[in-house]
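Undergrad: Given next are the chains, with one letter for each unit.
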Amino acid sequence: QQQVKQSPQSLIVQKGGISIINCAYENTAFDYFPWYQQFPGKGPALLIAIRPDVSEKKEGRFTISFNKSAKQFSLHIMDSQPGDSATYFCAASIWGNTDKLIFGTGTRLQVFP
Amino acid sequence: GAVVSQHPSRVICKSGTSVKIECRSLDFQATTMFWYRQFPKQSLMLMATSNEGSKATYEQGVEKDKFLINHASLTLSTLTVTSAHPEDSSFYICSARPQGQGASGYTFGSGTRLTVV
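One line per chain: the protein sequences are A and B, in this order.
Residue 29 in our numbering sits at position 29 of the first sequence, and the numbers go up by one each step.
Add 1000 to the 1-based position in the second sequence for our numbering, that's all there is to it.
Calculated from the structure, these hints are not laboratory results.
This structure is a prediction, so every number in the text was calculated from the model and none was measured.
One or more of the hints may lead you astray.
What the hints assert, rightly or not - Below are the PhoX-like pairs computed for lysine-lysine, each with C-alpha atoms no more than 20 Å apart in a straight line:
(1) B:LYS1014 - B:LYS1055
(2) A:LYS57 - A:LYS42
(3) A:LYS15 - A:LYS71
(4) B:LYS1014 - A:LYS5
(5) A:LYS57 - A:LYS68
(6) A:LYS42 - B:LYS1041
(7) A:LYS68 - A:LYS15
(8) A:LYS42 - B:LYS1064
(9) B:LYS1041 - B:LYS1055
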């Protein structure tokens, strides 16, 4: 119930291409779905997040698509750049709760020039 | 924006000794802080939830006597790894969010790389 499944485990994309990472959750009480970006040796940083009242959110080159009925959400990185090479984690939580974030297993993205 | 400072960033200790890691919220107060552990190429595993002025809540399988957590003020939580062994070598990360903010307020420290030799 508390799991967040993430795929793929790793992703190699050419510069300028689209990177797509998918996540699925089970707990219907989750109502906050962030994506974090982590560089080696650093803590995760919030990239973009969505709540279930919208099906899509876009910030610059980053877009979250959310499918409430399927309990799935995905991150799209348009015009991927070598600087986007990092590990990406999806997560889920309950907005108003002091409860924890439940993290996906992570996707290591490599963008080649 | 909210900043969480973690210290030290790297520490090497001998097997059997104890190591203390500090997590500070620099510009906000946090009644709750979280401690995570991350092995290479793996996800963040929540170890415990640190509550200001009360006992920490540990996740299943985490030894509370080995990983001592103290949250003595609204801006400081510490994790002490007692009698460290090589298998405790890992990347430890803390997180906090300002009081009254929703889940978007979670901010992570930059992590502590612990190596036990």
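Undergrad: Enumerate the violated hints, using their earlier numbering and listing them in ascending order.
TA: Per hint list: 1, 2, 3, 4, 7, 8 and 9 violated.
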